[in-house]
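Colleague: So the sequence lines, in the order shown, correspond to chains A and B.
When we follow our numbering, the leftmost residue of the first sequence carries the number 1, and every step to the right adds one.
When we follow our numbering, the leftmost residue of the second sequence carries the number 1, and every step to the right adds one.
These are computed hints drawn from the structure, not numbers from a lab.
Being a predicted model, the structure only gives us computed values, none of them experimental.
Positions of the beta carbon are idealized from the N, C-alpha and C atoms, including for glycine.
Treat the hints with caution; some may be incorrect.
[Claimed, not checked] Below, simulated DSS-like cross-link-like pairs (lysine-lysine); rule was C-alpha separation at most 25 Å, straight line:
no., chain 1, residue 1, chain 2, residue 2
1, A, Lys252, A, Lys320
2, B, Lys147, B, Lys121
3, A, Lys76, A, Lys42
4, A, Lys76, B, Lys178
5, A, Lys51, A, Lys76
6, B, Lys121, A, Lys76
7, B, Lys38, B, Lys268
8, B, Lys178, B, Lys237
9, B, Lys147, B, Lys178
10, B, Lys333, A, Lys76
11, B, Lys38, B, Lys121
12, A, Lys42, A, Lys180
13, B, Lys147, B, Lys237
14, B, Lys207, B, Lys237
15, A, Lys51, B, Lys178
16, B, Lys49, B, Lys38
17, B, Lys147, A, Lys76
18, B, Lys121, B, Lys237
19, B, Lys147, A, Lys51
20, B, Lys121, B, Lys333
21, A, Lys51, B, Lys237
[Stated by the list, open to error] Label-pair distances were calculated between CB atoms; the ranges are:
no., chain 1, residue 1, chain 2, residue 2, range
22, A, Asp21, B, Gly291, 54 to 64 Å
23, A, Asp244, B, Leu327, 15 to 25 Å
24, B, Phe51, A, Gly193, 34 to 44 Å
25, A, Asp21, B, Asp150, 16 to 26 Å
26, A, His139, B, Lys268, 38 to 48 Å
27, A, Glu186, B, Arg47, 56 to 66 Å
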Amino acid sequence: MPEITYREALRQTLRYQLQHDERVFLMGEDIGAYGGSYAVTKGFLDEFGEKRVKDTPIAESVVVGAGIGAAMVGLKPMVELMTVNFSLLAIDQIVNNAAKLHYMSNGQISVPIVIRMAGGAGSQLGAQHSQNFESWYAHVPGLKVVVPSTPYDAKGLLMTAFDDGNPIVFLEHTTLYTTKGEVPEEPYSIPFGQAEVYRAGTDVTLIAYSGAVRHAARAAEQLAGDGIECEVLNMRTLRPLDVDTILASVRKTNRAVVIEDDWGFGGFGGEIAAIIQERAFDDLDAPVMRVSGADVPMPYAGALEQAALPHGADVVRLVKSMV
Amino acid sequence: MARAVNIDPSATAAGRDGGPDGPALLNTMIRIRRFEEKAAEMYARGRIKGFLHLYIGEEAVGAGAIAALRPDDYIVSHYREHGHALARGLDPRRIMAELFGKETGVSGGRGGSMHLFDVSKSFLGGYAIVAGHMPLACGLALAEQYKGTDRIAVNFIGDGAVNEGEFHEALNLASVWKLPVLFINENNLYGMGTDLRRVSAIVEVYKRAEAYAMPAVQVDGMDVLSTYETTRRLVAKIRTGEGPAFIEAICYRYRGHSMADAELYRSKEEVERWRTLDPIRRLSERLLGDGTLSQADIDRMHAEADTMADDAVRFAEESPPPPIETLHRHVYKEPAGA
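Could you put together the complete structure from these sequences and hints?
Modeller: Listed below in structure tokens is the structure:
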């Protein structure tokens, strides 16, 4: 199986969709002539033309809203928002329109839009370019929130996003684009709401998504050397959330840690912890714990930024205190 | 000699030569007003809950503009949209049922007064976030441009929308991509209770649209023949691919912003002055004056509208509420084949 980058994996699905479905078109800031801020759409303008690959003004709200409007009447737009930070300028469209139209119209209207955006920190981009808002979007009924952590996930989950028929917030991680992994050449889909058991184990469940899966995997490897076998869950989607896989793992290990790049306070890890204590309280031998980003706007200086981000070592320390 | 009056609500108001069909326009306005007076009565009696924003006084804008459209042209409106829905020919019974929160409502009771939807009539909603629906209208127009049809999108907005960022984003995108969309600004002078002059650097709204390089005109929104003619002219241009256009229709709502409005921000005298320009009375007098209609014809329209409104209420009263077990239905579209 060929080994390709997360970026290339995304490109393969986008190309496949453009080649096989006339209803699909892409639009976003600098996705065409510039080639995409993270080069995901590089070359697509030449290959598919301006009708299918549209450069837009820097006007996030109307770009997302126009995508929603086009989706309402039968097209399948993919809107790229460059980064999740800019999506806040379009949050009215995502939350008030995309998420609600199917319900408010009593099922008359559906919104098959894929909204891609890159998030996360670790590249010294400063406070306004280093955020995670998956917990905001996962909060909203009507949206689906996809958080791929590997090239294999990126290709297969994006395929599913195009076929789902609902508004999809597809969150990529800026520091994952160059990571490599084995990916089948042929198109395939990964169902939403089905987590991957990234590593099997018996002692502690490490629950992660997107960039944080790396930290969990690194920690699990190190802990195995100390005789502690962690089970690492790669959630793949936050809404829908694969509660069954989480509970099954916790019932086996009796301990759980959620690892997230995001701020912990009010974050998605708290939701997972709540679900576990509501439904598997009697199976727990320790409180559900979280490893999260520091509760600060992201600083620029490299040493400060690294101190603000969660690492595998933090997970190792925490797990050792739990067993 | 009085001519026969067409009271089929779904009939286009275009006359044989494409000019306005005065009686049909009058009938549409009378129906809207009667329906809303009835809705206000039902609100006062506690049969309708939540917000109720009445269009009374502004009927000439929606009636005239929508009569100049093709039935398959999309309409995207704001939360004061009962009149637009009626003018488009949505079933008054199902609109009233929606206001009552009933299962038979156009949105199954999930929308309410501010969220009327009927896809079969290309009526793609009332929206309750000021200017938040403007990007959607651009998207509908973009889709038709993409598909290569000559269908257009029409977007009703209030004067409150013009200081929102989405107003400017939408006008710019529509213009730069030459999208087939007509923006119709119903400028009733107040954004909720705030006089437009107190909050707008440029009060003539059409000038803002001109700044985005599109045809933009101001019309007397209390004159249905004027809104009809202007819409017809601009729609013809849009349909040939010339890009968007903008109408600022100066109009006035007689009632408060919503039923909860104590109207502390304007005088009774001002309301009375505008009532002298009433679009229904003006057109009635004109059609009587030129012999198009007799008083009996007009009386019959009012009687028919009474019957329509009563019938709508009866239907709404008799309809069941949405079953509780359907609460979670339509949060997500189910996968095909499920």
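Colleague: Given the hint that A:Lys252 pairs with A:Lys320, test it: the Cα-Cα distance must not exceed 25 Å.
Modeller: 18 Å, holds
Colleague: Are the Cα positions of B:Lys38 and B:Lys121 separated by 25 Å at most?
Modeller: 23 Å, holds
Colleague: Taking only the CA atoms, is the gap from B:Lys147 to B:Lys178 under or equal to 25 Å?
Modeller: 14 Å, holds
Colleague: Between B:Lys207 and B:Lys237, is the straight-line Cα distance small enough, at 25 Å or below?
Modeller: The given pair, whose Cα atoms are some 19 Å apart, holds under the 25 Å limit.
Colleague: When you check the alpha-carbon spacing of B:Lys178 and B:Lys237, does it fall within 25 Å?
Modeller: Answer holds: B:Lys178 to B:Lys237 is near 11 Å, not above 25 Å.
Colleague: Would you mind confirming whether the straight-line C-alpha gap from A:Lys42 to A:Lys180 stays at or under 25 Å?
Modeller: 18 Å, holds
Colleague: That 56 to 66 Å hint for A:Glu186 and B:Arg47 (C-beta), does it hold up?
Modeller: 59 Å, holds
Colleague: Need the status of pair B:Lys121, B:Lys237: alpha-carbon distance at most 25 Å?
Modeller: Satisfied, since the Cα-Cα distance of roughly 23 Å is no more than 25 Å.
Colleague: Given the proposed pairing of B:Lys333 with A:Lys76, does the C-alpha separation stay at or below 25 Å?
Modeller: The given pair, whose Cα atoms are some 14 Å apart, holds under the 25 Å limit.
Colleague: Given the proposed pairing of A:Lys51 with B:Lys237, does the C-alpha separation stay at or below 25 Å?
Modeller: 22 Å, holds
Colleague: Given the hint that B:Lys147 pairs with B:Lys121, does the C-alpha gap stay at or below 25 Å?
Modeller: It holds: about 19 Å lies between the C-alpha atoms, which stays within 25 Å.
Colleague: Do the Cβ positions of A:Asp21 and B:Asp150 conform to the proposed distance bound of 16 to 26 Å?
Modeller: 24 Å, holds
Checked against the numbered hints above, the structure violates none of them.
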